[in-house]
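Residue-level listing of the chains:
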Amino acid sequence: MKRIYLDYNATTPVRPEVLEALLPYYREQFGNPSSVHWAGRQVSGAVEKAREQVAALLNCAPAEVVFLSCGTEADNMALKGTVDALREKGNHIITTTVEHPAVLETCNYLEKTGCRVTYLPVDSDGQLDLAELERAITPQTILISVMWANNETGNIYPIEQIGAIAKGRGIRFHTDAVQAVGKLEVDVQKANLDLLALSGHKLGAPKGVGVLYVRRGTRLTPFMHGGHQERNRRAGTHNVAGIVGLGKACELAMAERAATSARVRELRDRLEQGIFARVEQVKLNGHPTERLPNTLNISFAWIEGESLLLNLDMKGIAASSGSACTSGSLEPSHVLGAMCVEVTLAHSSTRFSLGPDTTAGDIDYVLEVLPPIVQRLRDMSPLYNCRQQESCAGVDCTIMQKL
Amino acid sequence: MYSEKVMDHFSNPRNVGEIDNPDGVGEVGNASCGDIMKIFLKVDNNVITDIKFKTFGCGAAIATSSMVTEMAIGKTIDEALALSNQAVAEALDGLPAQKMHCSNLAADALHEAIKNYKATHG
Numbered sequence: 001m002k003r004i005y006l007d008y009n010a011t012t013p014v015r016p017e018v019l020e021a022l023l024p025y026y027r028e029q030f031g032n033p034s035s036v037h038w039a040g041r042q043v044s045g046a047v048e049k050a051r052e053q054v055a056a057l058l059n060c061a062p063a064e065v066v067f068l069s070c071g072t073e074a075d076n077m078a079l080k081g082t083v084d085a086l087r088e089k090g091n092h093i094i095t096t097t098v099e100h101p102a103v104l105e106t107c108n109y110l111e112k113t114g115c116r117v118t119y120l121p122v123d124s125d126g127q128l129d130l131a132e133l134e135r136a137i138t139p140q141t142i143l144i145s146v147m148w149a150n151n152e153t154g155n156i157y158p159i160e161q162i163g164a165i166a167k168g169r170g171i172r173f174h175t176d177a178v179q180a181v182g183k184l185e186v187d188v189q190k191a192n193l194d195l196l197a198l199s200g201h202k203l204g205a206p207k208g209v210g211v212l213y214v215r216r217g218t219r220l221t222p223f224m225h226g227g228h229q230e231r232n233r234r235a236g237t238h239n240v241a242g243i244v245g246l247g248k249a250c251e252l253a254m255a256e257r258a259a260t261s262a263r264v265r266e267l268r269d270r271l272e273q274g275i276f277a278r279v280e281q282v283k284l285n286g287h288p289t290e291r292l293p294n295t296l297n298i299s300f301a302w303i304e305g306e307s308l309l310l311n312l313d314m315k316g317i318a319a320s321s322g323s324a325c326t327s328g329s330l331e332p333s334h335v336l337g338a339m340c341v342e343v344t345l346a347h348s349s350t351r352f353s354l355g356p357d358t359t360a361g362d363i364d365y366v367l368e369v370l371p372p373i374v375q376r377l378r379d380m381s382p383l384y385n386c387r388q389q390e391s392c393a394g395v396d397c398t399i400m401q402k403l
Numbered sequence: 001m002y003s004e005k006v007m008d009h010f011s012n013p014r015n016v017g018e019i020d021n022p023d024g025v026g027e028v029g030n031a032s033c034g035d036i037m038k039i040f041l042k043v044d045n046n047v048i049t050d051i052k053f054k055t056f057g058c059g060a061a062i063a064t065s066s067m068v069t070e071m072a073i074g075k076t077i078d079e080a081l082a083l084s085n086q087a088v089a090e091a092l093d094g095l096p097a098q099k100m101h102c103s104n105l106a107a108d109a110l111h112e113a114i115k116n117y118k119a120t121h122g
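Chains as they are written, first to last, in my numbering: chain V, 1 to 403; chain R, 1 to 122.
If we strip away everything but chain R, and leave its shape as in the complex, we get (with noise of 0.2 angstroms):
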């Protein structure tokens, strides 16, 4: 059902975690629907410095998210924005057809981080 790269993300998920003071996070999905999914960053000078996520749901849920930090990292704000939950979901060799709509938040996720992290620092 799952494609490698997913079950690697899955089983070996990168950057697991919450930053302390983090600089923006961001939160979506709802329980109802069974997907949850936090993330922190740290930025400097415009540059995602660390990111971390914590993920309640499915394997695509935490694969996507644990993805979605690796592609993140080190890229700037405007760079980050432009990560799409198709591009994300490209990156882990596609996802089975029914999780692309519930369980493919991850970049919703990040880009909430980054609303979160311009809100809070002008």
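So here's chain V without its partners, still in its complex pose (with noise of 0.2 angstroms):
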């Protein structure tokens, strides 16, 4: 059977540079880099390369890169850190209802804790309104922390114009940049960022690896203790292969992103076009152009996602669904109810996110399989036939919200 990956935004496979690059770091060069003897040494240049082919990517000083084990690690370090080393300044942050749990829930637990955080609204197609977030602003307000792009829908948002407006009013500005780093140009300078998390494993790189863009000069409270790794922002022995790794991967991007991100960005719209010509009722979920080159979301009316995850899966395609049941919740995705789409829709939806490796047989086997799914899924649905006259368009939003 075939076997056709379009889940790259849940992860990706390690590239081929990547693992030759890391692999004599678990047997040859296994030494400590705190170390001072010659095990250590020999390992410890290859972290600072590392860093160094980060900070190329980012822009940014490699000084300035923090090493840890994932992009949810990076985006708790950088909220927790911030109130923290912020307590006296305030104690408010600014952030979107539709960002990555890793940032959501965090903030979650910070108001517990005492800090108030203002979620801003996103409309139908996903997007900020950037007079709100201004509107938002504090004389309390610590920290802005808007991500770069979403996971779900692919949905780009406007990070030089927040930066703007953060830099403007003397804010601290972090993104969750997990989805963006490999896919879009990222550049700190750029984006007057004070804080960036990025994950190894969405960019080739191996699972377990990140790392947290932190600016010289941003006072932030360390709360992993237990060693003087990382300057003293972040204590444990270095996962030195998998930093060799996201270095390697960094290195491709650099080199690649442009060329690559161009060849996705037309399948991807080869796909969504497809999808639009062969089924109707269908919805896209997210903006029409201020998305990834690789996302595509889409609903499929009176159909569960789970059901058509599973029949694609049966026919080797890997995709994923914003369906409560494949998350383990009662409620369908956080994200889709932000954008007040249709609570059977949401359920319906479906994320197929593509990637270096992908080619077009793979594109034109999924759109000959998935029409005739569809249909059987809709055959099977007490909504079909007595629902099949209304649009998809104009629906209220019957998503319980939970912000």
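Read the hints as simulated data drawn from the structure, not as lab findings.
Please note: incorrect hints may appear among the correct ones.
DSS-like cross-link-like pairs, simulated, lysine-lysine; straight-line CA separation at most 30 angstroms [unchecked claim]:
1. V:LYS207 <-> V:LYS190
2. V:LYS315 <-> R:LYS5
3. V:LYS2 <-> R:LYS5
4. R:LYS75 <-> R:LYS118
Once you've looked at the hints, go ahead and assemble the two chains, each given alone in its own frame, into the complex.
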């Protein structure tokens, strides 16, 4: 059976060049980079080289790159570290309703410890109103945290404009750039960022390594104690092989990103246009143009996402869904909820996220097998016959919103 | 995640569809939790002679709907009323824990259809 992976926003395979670069650091060069002897020295050079590779991609100084375990840790450190370090300055955070749980749930936690958090709403395309962001700023505001690109819809947020606002008001600015790095040009100087979270396994490096970019002079309380690593910003023995792999992945992204993104965008558009041409009653979730080149989030009216995913899986196609059933919660995606997507449409949302290895043949195969699956599930759906005359557009907001 | 039996009933669901002029119809679930099941009955001499379902929902919802139709057909009304959601799940060799509460409603849909039959047929 064919195996087609269209879930690159969830994770990516380690790139062969990355694997080759990191393998020696498991056996031949096994030292602890904090050691003074030859074994340590061999390895500390590799960590510093990786730091330079990451810094080059982000356009920052190597000393501003903090290696840690994953994107979630980076977001936790950015938020909790800021709140603790700027305690005397204020306690108000501005973020959005569509953030990844790494930011949202950290904010929920910080609210319990006495912070006030503003969650900015989005419109039906999933975009922010920057005037609303400006209105939310108070003298107590210590941090603005807005994701660079959304993992579910692929929506891209105007990080440079938000950076200018934050800088103008003297407020620290963090972005969760986990989905952006490797897919978009990410320049922390242009965007006036103080903090940025990235994750290795989203761009062809292994799982278990991430980075928090911390602008020089940004006071941040470390929350991992027990070592002097990373200039006392993050304790714990370095994941040397992972770090080397991440460095290599950043170097590759630097060289290939523009060309890869252009190719992936063409394939994504082929998939999007192909689905719209072949299946009726579908809805694009997300902004038509301000969107990652690899992401397509689409709802197929009258059917539920998990049953669609299972059927695709039986044909060898791996995709993902915003349906409650796939997330282990009762509510469908909070992102689609924030966008007021009608509840059955939210349950039917399906995300295809393409990557550098995706081919035109993969897309054509999906376009061949998807329409009959959708039709079969619709024929089974009690919603289909009675409501197929209604349009997908213009429905009321019926999702329960948590925030 | 799902047992072989669940996947069998999910990929080859039994008794999908609607019955013209049914003797009883039952619907349970709601859109916000992502599962809606509708069951149609034909009853003759107190015995379920035909049963069909339509379901909007996840793999577990479709498989339990299919299974309950297989279990109910040929049973008397009283026997069918004794079928529980738990029995349906067991007949499928179990369901993942998170599916037990939200997607395991097929017996409820059957019971609703029987209630509807009783209400309309004295």
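To see whether the hints hold, each was checked on the structure:
no.	hint	verdict
1	V:LYS207 <-> V:LYS190	holds (29 angstroms)
2	V:LYS315 <-> R:LYS5	holds (19 angstroms)
3	V:LYS2 <-> R:LYS5	holds (24 angstroms)
4	R:LYS75 <-> R:LYS118	holds (15 angstroms)
Taken one by one, the earlier hints all hold for this structure without exception.
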